[in-house]
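The residues making up each chain are set out below.
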Amino acid sequence: SQTIHQWPATLVQPVGSPLSLECTVEGTSNPNLYWYRQAAGRGLQLLFYSVGIGQISSEVPQNLSASRPQDRQFILSSKKLLLSDSGFYLCAWRTWTGVNGNTIYFGEGSWLTVV
Amino acid sequence: AQTVTQSQPEMSVQEAETVTLSCTYDTSESDYYLFWYKQPPSRQMILVIRQEAYKQQNATENRFSVNFQKAAKSFSLKISDSQLGDAAMYFCAYRNPLSGTYKYIFGTGTRLKVLA
Chain A
1 SQTIHQWPAT LVQPVGSPLS LECTVEGTSN PNLYWYRQAA GRGLQLLFYS VGIGQISSEV
61 PQNLSASRPQ DRQFILSSKK LLLSDSGFYL CAWRTWTGVN GNTIYFGEGS WLTVV
Chain B
1 AQTVTQSQPE MSVQEAETVT LSCTYDTSES DYYLFWYKQP PSRQMILVIR QEAYKQQNAT
61 ENRFSVNFQK AAKSFSLKIS DSQLGDAAMY FCAYRNPLSG TYKYIFGTGT RLKVLA
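Going down the list, the protein sequences come from chains A and B. Note that our numbering has the first sequence beginning at 1, numbered continuously upward. Note that our numbering has the second sequence beginning at 1, numbered continuously upward.
No lab work stands behind these hints, which were simulated from the structure alone. Since the model is a prediction, treat every value here as computed from it, not as a measurement. Virtual Cβ for every residue (Gly too), placed ideally from N, Cα, C. Honestly, I wouldn't trust all of these hints.
Claimed, not checked - Examples of chain A residues toward chain B, derived with CB under 8 Å: (1) Gly43; (2) Leu46; (3) Tyr49; (4) Asp85; (5) Phe88; (6) Thr103; (7) Ile104.
Claimed, not checked - Calculated Cβ distances over 10 Å to all of chain B for the following chain A residues: (8) Pro18; (9) Asn30; (10) Arg42.
What the hints assert, rightly or not - Restraint-style ranges between C-beta atoms, simulated for each label pair: (11) Ile53(A) - Gln44(B): 25 to 31 Å; (12) Gln14(B) - Gly101(A): 33 to 39 Å; (13) Val115(A) - Thr5(B): 32 to 38 Å; (14) Lys78(B) - Gln13(A): 26 to 32 Å; (15) Arg111(B) - Gln45(A): 37 to 43 Å; (16) Gly85(B) - Gln2(A): 22 to 28 Å; (17) Thr3(B) - Gly101(A): 22 to 28 Å; (18) Pro69(A) - Gln83(B): 28 to 34 Å; (19) Gln45(A) - Gln56(B): 50 to 56 Å; (20) Lys103(B) - Leu11(A): 42 to 48 Å; (21) Thr3(A) - Pro41(B): 37 to 43 Å.
Pulled out of the complex, with its shape left as it was, chain B reads as follows (with noise of 0.2 Å):
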């Protein structure tokens, strides 16, 4: 079965600095996407970022950026100058669309918390 883990329930950064949340999965497809999702205190889940496992191109969305390591089944955020409003719970998550269901699979987060 597939599996998100995040191994960090909680990371603090500096405001301005550079923090990075792990993410690793189980799967043995080829073929499937991950996302960074964030949740503010406001609790609306915001897309961050997306990736296609068969593009070899780490996804970047301004500040976010991501490191895919698909042999390694890691998909790793890195969040650039980081700002005050960063500061919320992030959930990694896996789709597989050709599992012949419609499931996503969250992990269980890790609160990131943006020190001024």
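Just chain A, with the same shape it has in the complex (with noise of 0.2 Å):
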């Protein structure tokens, strides 16, 4: 079966330092995967869609950046974190067939603080 994992889950950041966030996704093979920030009491925004290896899309223009360094790995990145970056981030891939065809599935999520 398809799991999906993401980390780490709390991370608490000084303004100006960088941030990953790692995902991947076990189970499947060139799975659509994505990046989604839910800010305090808010819905979810896309950031980052991905099709395939090295390809990124961007939905908002951020102090972020996404890359797809292997077929089920997603990684968010910062080079220098701003307040407003603080956020509830959840990664996410879709699968292509089977009964839940067209369906996306997210991992556990990171809570990110900037300080």
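Please dock the two separately framed chains into a single complex, following the hints provided.
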């Protein structure tokens, strides 16, 4: 069965420090991968999505970047964090086929607090 | 542009009773997917139920069912025999597989409280 993992679960970073959140998917190949951000009490904002290795689409101009160095690995990064980068970050992957095709499934999420 | 609207920021239901969460969407497409996700206090998003627009039959998953009204562009979630564990944020989402993009559009969520 397919699983998705993201880490770290929680981190507190000072303003101006770098960021790296990692997400991996197991049990599938060539998944579509997504990074979402959820600010406190808010809905989900799509940040990036990827349809293949090295292929990244950005939805919102921001202080963040994403990379996909391997088929099932998706990384969210920042060189210098801002206070406004605080929030809950969710990685997700999309199924292609099967009973629940075209459905996205989410990782456990990462809480980022920038201080 | 496609949009998803959840007009109820918060709902309450007594344990063992039934509650319906509303969702409307705007699209000019005829073929698409609709979803309900649950986000409990742990914050992980969990798929509750999925509906394909070309299927007229409403999807059901145990105590969860939807009322899909395609002409009205409405997709409500009914939770029967509500349990304390159903307390969570619920998000409605839309996906058009023919749009040429891979985006899922989410509503702003409805917080469901279950009263003992």
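Hint check:
1. Below 8 Å, beta-carbon pairs count as interface contacts, and glycine 43(A) has one with chain B at about 4 Å; its hint therefore holds.
2. For leucine 46(A), the shortest C-beta to C-beta distance to chain B is roughly 6 Å, which falls under 8 Å, so the interface hint holds.
3. Hint on tyrosine 49(A) holds. Least Cβ distance to chain B is approximately 5 Å, under the 8 Å limit.
4. Because the smallest distance between the Cβ of aspartate 85(A) and any Cβ of chain B comes to about 17 Å, over 8 Å, the interface hint for this residue is violated.
5. The beta carbon of phenylalanine 88(A) is positioned within 8 Å of a beta carbon in chain B (closest approach about 6 Å), and the interface hint is therefore held.
6. A distance limit of 8 Å between C-beta atoms decides the matter here; for threonine 103(A) the minimum to chain B is near 6 Å, and the interface restraint holds.
7. At its closest, the beta carbon of isoleucine 104(A) sits 6 Å from a beta carbon of chain B; the interface hint therefore holds under the 8 Å criterion.
8. No beta-carbon of chain B is positioned within 10 Å of the beta-carbon of proline 18(A); the least distance is around 24 Å.
9. With a least beta-carbon separation of about 12 Å from chain B, asparagine 30(A) lies farther than 10 Å from that chain, consistent with its non-interface assignment.
10. With a minimum CB-CB distance of about 7 Å to chain B, arginine 42(A) fails to clear the 10 Å threshold, and the non-interface call is violated.
11. Evaluation of the 25 to 31 Å hint for isoleucine 53(A) and glutamine 44(B) yields a pass: the beta carbon distance comes to about 26 Å.
12. Our hint of 33 to 39 Å for glutamine 14(B) and glycine 101(A) holds, since their Cβ atoms are close to 37 Å apart.
13. Checked against the hint of 32 to 38 Å, the pair valine 115(A) and threonine 5(B) passes, with Cβ atoms roughly 35 Å apart.
14. Here the CB-CB span from lysine 78(B) to glutamine 13(A) is close to 42 Å, at odds with the stated 26 to 32 Å.
15. For the hinted restraint 37 to 43 Å between arginine 111(B) and glutamine 45(A), the CB-CB distance of approximately 18 Å leaves it violated.
16. Restraint check, glycine 85(B) to glutamine 2(A): a C-beta distance of roughly 24 Å satisfies the suggested window 22 to 28 Å.
17. For threonine 3(B) and glycine 101(A), the Cβ-Cβ distance of about 24 Å falls inside the hinted range of 22 to 28 Å, so the restraint holds.
18. For the pair proline 69(A) and glutamine 83(B), the supplied restraint of 28 to 34 Å is violated, since their beta-carbon distance comes to about 42 Å.
19. A C-beta distance of roughly 33 Å is found between glutamine 45(A) and glutamine 56(B), which places it outside the suggested range of 50 to 56 Å.
20. Here the CB-CB span from lysine 103(B) to leucine 11(A) is close to 27 Å, at odds with the stated 42 to 48 Å.
21. Checked against the given bound of 37 to 43 Å, the beta carbons of threonine 3(A) and proline 41(B), roughly 22 Å apart, lie outside it.
Consistency with the previously given hints fails for numbers 4, 10, 14, 15, 18, 19, 20, 21, ordered from lowest to highest.
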